[in-house]
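Now for the letters of each chain:
There are 2 protein chains.
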Amino acid sequence: MSREICVYLEFLEPHHIEKIAAVAAAGGMTARFFGKGDGEAAMACARQAEVIYSTSRRPLTCAEQVKWFCSATAGVDDICAQPGLLPAGCQLTNSNVFGLTIAEHTVMVALMLLRRMPEYEQWVRGRIWRGGLPIRSIHGLEVVMVGTGQIGRCIADRFHALGAAKVTGVNRSGRPAEGFDETLPVFRLDEILPRAEMVILAVPSTEQTAHLLSRERIAMLRPDALVINVGRGTAVDQQAITEALNEGRIAGAALDVTTPEPLPEDDPLWTAKNLILTPHVSGNCTLAYTRDLNVELFCGDLENYTAGRPLAHLVDLSRGY
Amino acid sequence: MSREICVYLEFLEPHHIEKIAAVAAAGGMTARFFGKGDGEAAMACARQAEVIYSTSRRPLTCAEQVKWFCSATAGVDDICAQPGLLPAGCQLTNSNVFGLTIAEHTVMVALMLLRRMPEYEQWVRGRIWRGGLPIRSIHGLEVVMVGTGQIGRCIADRFHALGAAKVTGVNRSGRPAEGFDETLPVFRLDEILPRAEMVILAVPSTEQTAHLLSRERIAMLRPDALVINVGRGTAVDQQAITEALNEGRIAGAALDVTTPEPLPEDDPLWTAKNLILTPHVSGNCTLAYTRDLNVELFCGDLENYTAGRPLAHLVDLSRGY
Numbered sequence: 001m002s003r004e005i006c007v008y009l010e011f012l013e014p015h016h017i018e019k020i021a022a023v024a025a026a027g028g029m030t031a032r033f034f035g036k037g038d039g040e041a042a043m044a045c046a047r048q049a050e051v052i053y054s055t056s057r058r059p060l061t062c063a064e065q066v067k068w069f070c071s072a073t074a075g076v077d078d079i080c081a082q083p084g085l086l087p088a089g090c091q092l093t094n095s096n097v098f099g100l101t102i103a104e105h106t107v108m109v110a111l112m113l114l115r116r117m118p119e120y121e122q123w124v125r126g127r128i129w130r131g132g133l134p135i136r137s138i139h140g141l142e143v144v145m146v147g148t149g150q151i152g153r154c155i156a157d158r159f160h161a162l163g164a165a166k167v168t169g170v171n172r173s174g175r176p177a178e179g180f181d182e183t184l185p186v187f188r189l190d191e192i193l194p195r196a197e198m199v200i201l202a203v204p205s206t207e208q209t210a211h212l213l214s215r216e217r218i219a220m221l222r223p224d225a226l227v228i229n230v231g232r233g234t235a236v237d238q239q240a241i242t243e244a245l246n247e248g249r250i251a252g253a254a255l256d257v258t259t260p261e262p263l264p265e266d267d268p269l270w271t272a273k274n275l276i277l278t279p280h281v282s283g284n285c286t287l288a289y290t291r292d293l294n295v296e297l298f299c300g301d302l303e304n305y306t307a308g309r310p311l312a313h314l315v316d317l318s319r320g321y
Numbered sequence: 001m002s003r004e005i006c007v008y009l010e011f012l013e014p015h016h017i018e019k020i021a022a023v024a025a026a027g028g029m030t031a032r033f034f035g036k037g038d039g040e041a042a043m044a045c046a047r048q049a050e051v052i053y054s055t056s057r058r059p060l061t062c063a064e065q066v067k068w069f070c071s072a073t074a075g076v077d078d079i080c081a082q083p084g085l086l087p088a089g090c091q092l093t094n095s096n097v098f099g100l101t102i103a104e105h106t107v108m109v110a111l112m113l114l115r116r117m118p119e120y121e122q123w124v125r126g127r128i129w130r131g132g133l134p135i136r137s138i139h140g141l142e143v144v145m146v147g148t149g150q151i152g153r154c155i156a157d158r159f160h161a162l163g164a165a166k167v168t169g170v171n172r173s174g175r176p177a178e179g180f181d182e183t184l185p186v187f188r189l190d191e192i193l194p195r196a197e198m199v200i201l202a203v204p205s206t207e208q209t210a211h212l213l214s215r216e217r218i219a220m221l222r223p224d225a226l227v228i229n230v231g232r233g234t235a236v237d238q239q240a241i242t243e244a245l246n247e248g249r250i251a252g253a254a255l256d257v258t259t260p261e262p263l264p265e266d267d268p269l270w271t272a273k274n275l276i277l278t279p280h281v282s283g284n285c286t287l288a289y290t291r292d293l294n295v296e297l298f299c300g301d302l303e304n305y306t307a308g309r310p311l312a313h314l315v316d317l318s319r320g321y
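So the protein lines, in turn, are chains H and W. Residue numbers for the first sequence follow this note's numbering, so the first one is 1 and each next one is one higher. Residue numbers for the second sequence follow this note's numbering, so the first one is 1 and each next one is one higher.
Please note that the accuracy of each hint is not assured.
Said to hold, decoys possible - Lysine to aspartate or glutamate pairs mimicking DMTMM-like chemistry, simulated, CA-CA at most 25 Å apart:
1) H:67 - H:296
2) W:19 - W:296
3) H:166 - W:292
4) H:273 - W:119
5) W:273 - W:119
6) W:273 - H:119
7) H:166 - W:157
8) H:67 - H:10
9) H:273 - W:121
10) W:273 - W:142
11) W:166 - H:119
12) H:36 - H:78
13) W:166 - H:10
14) H:166 - H:182
15) W:273 - H:121
16) W:273 - W:296
Said to hold, decoys possible - Label pairs and their in silico Cβ distance ranges:
17) H:165 - W:25: 48 to 54 Å
18) H:165 - W:262: 31 to 37 Å
19) H:166 - W:13: 34 to 40 Å
20) H:214 - W:223: 44 to 50 Å
21) W:296 - H:194: 42 to 48 Å
22) H:176 - W:38: 41 to 47 Å
23) H:243 - W:61: 48 to 54 Å
It is worth saying that the hints were derived from the structure and are not from the lab. All residues carry an ideal CB built from backbone N, CA and C; glycine is no exception.
My request is simple: use the sequences and hints to build the entire structure.
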């Protein structure tokens, strides 16, 4: 019986299939491909597959012989939170390929907040032609970037390219991260929040990051502070930020992630003042570049796997990312 | 009688006044400052001033001895269009200081169009949490930039910094312009429009630029083409682009300038599909950086003026910019 790879993805194009098939064959394995509507066939294949590459977690519930599960997403908090979902001895990798698309989203909403677009858009919807609001620029801006992984780094690169004066990275240990002007450990967050012009969050959902931007920390922010969250909704105290926005205690926010998702229809966040709300689209996989990179990273690790080398994108299950 | 400079500006801060006063004094002149509400006093001063530095054109209507009028705006089409407004022998300079703020506006609306924000924002206003629209990126994008002056250059720099694949500049003569991958003369526009992904216009209002993006040229565009205008409303056939948007013949547009301004309340442009409309705010003077640079450029030319050197920012009255 051949060693099988179950590839169950909604975004595959012919050139992706060709590439994965070739790398699999070179390593003595056979890849089988399933897309939208192929759920049942994919589960049958997953049952006896050695490797699974999927956005969906469903194949894990029927896999009996899987040795490596490659998640096509960056976040794997849901897998880490369900002990037993990943069979004993199965390696888990994730796909850190969302940096570019999330960074472009972040630049977009940062400029929208700095340039007062929530207010201008409201006027324009009312057919009011009125200018003159004081605006700010990324040029010369000082940014606090919480999360210095691939996403934080891509964001920092773009802010530097657009002339930001300083990007301070914040991570668990404060270990220096490339691309940042300085890196601080998360326990020093309270020192820098009171003078931050813009706080961007791109952290995974873990016990440590839950309500990282708590009610107390939101209360520390300057009245002209802007908050952007492109990681996981759990990182922000949503009720507290809704209140701070509506009371004008901060100048604006852009949230691409919420708790829960989808946001319930009666949630007060929908109508918060100076908020740019987007339905978890900053890091979706509709960008050709992101899809290609997703497949490229999997193929790199598939070469490692078939050669008996360690996988490059292994998740540390104890940390959750 | 001392040689006087009439400075009539709404945005002056103490450090601006200090700087202008010092440069004037060093050149043997006296600067007098007028702001909002000082109209009458400013006109009295303008009457016998040798130099006038102003956003408003009103001082020109009473100036009797002015030798140099520095417009705090980039566009001076209105002055060039009124023969006699500028006294014979009076030099005219403009303020090319809006590149940074207009370029940030352009990056913002470019990303909003590429990432389908007009549609997402409409859903979010209806409390619909829905993702998955195919999006595009500045990374790898090919851009046609009509206008290769200071504004076009600042825009090209930012698109390059964000990974654009190619920025083709278009100007009158096709003379190579720094910052562009290639520069074409405007008469070759029809060759490149049919394959352009994004067309950005930043040209002054002149006879030559009127309806530069005509109905015929709009009809040449790809169905996925995006159009951005941050120059003057006259450059685009507004009725034709409204129709193209509503009929889905182009994918989207962002217009910061219209004809006329303010846009009349019953204009069909207000509700055009996939349009980001802003009330001529891309290049306003509310950004500290823009204000500082405005004063800095004037002071540089004031040093030239008092030393008897040619002014650096002279407008060619026959061209209109």
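Status of the hints after comparison with the structure:
1. H:67 - H:296: Given pair residue 67 of chain H, residue 296 of chain H holds - Cα atoms ~20 Å apart, limit 25 Å.
2. W:19 - W:296: holds (9 Å)
3. H:166 - W:292: Holds, because 21 Å separates the two Cα atoms, which is no more than 25 Å.
4. H:273 - W:119: Between residue 273 of chain H and residue 119 of chain W the Cα gap is close to 20 Å, so the pair holds against 25 Å.
5. W:273 - W:119: It holds: about 9 Å lies between the C-alpha atoms, which stays within 25 Å.
6. W:273 - H:119: holds (20 Å)
7. H:166 - W:157: Given that 25 Å is the threshold and the Cα spacing comes to 20 Å, the pair holds.
8. H:67 - H:10: holds (22 Å)
9. H:273 - W:121: Roughly 15 Å between the alpha carbons, so the hint for residue 273 of chain H and residue 121 of chain W holds.
10. W:273 - W:142: holds (23 Å)
11. W:166 - H:119: violated (33 Å)
12. H:36 - H:78: Given that 25 Å is the threshold and the Cα spacing comes to 22 Å, the pair holds.
13. W:166 - H:10: violated (31 Å)
14. H:166 - H:182: Holds. Residue 166 of chain H to residue 182 of chain H sits at ~8 Å (cutoff 25 Å).
15. W:273 - H:121: holds (15 Å)
16. W:273 - W:296: Between residue 273 of chain W and residue 296 of chain W the Cα gap is close to 41 Å, so the pair fails against 25 Å, i.e. violated.
17. H:165 - W:25: 48 to 54 Å: violated (33 Å)
18. H:165 - W:262: 31 to 37 Å: holds (36 Å)
19. H:166 - W:13: 34 to 40 Å: Taking Cβ atoms as reference, residue 166 of chain H and residue 13 of chain W lie about 24 Å apart, which means the hint is violated.
20. H:214 - W:223: 44 to 50 Å: Hint holds: Cβ distance 48 Å, inside 44 to 50 Å.
21. W:296 - H:194: 42 to 48 Å: Since the Cβ atoms of residue 296 of chain W and residue 194 of chain H sit about 32 Å apart, the hinted range of 42 to 48 Å is violated.
22. H:176 - W:38: 41 to 47 Å: Taking Cβ atoms as reference, residue 176 of chain H and residue 38 of chain W lie about 53 Å apart, which means the hint is violated.
23. H:243 - W:61: 48 to 54 Å: 52 Å Cβ-Cβ, so the 48 to 54 Å window holds.
Violated hints, in rising order: 11, 13, 16, 17, 19, 21, 22; the structure is consistent with all others.
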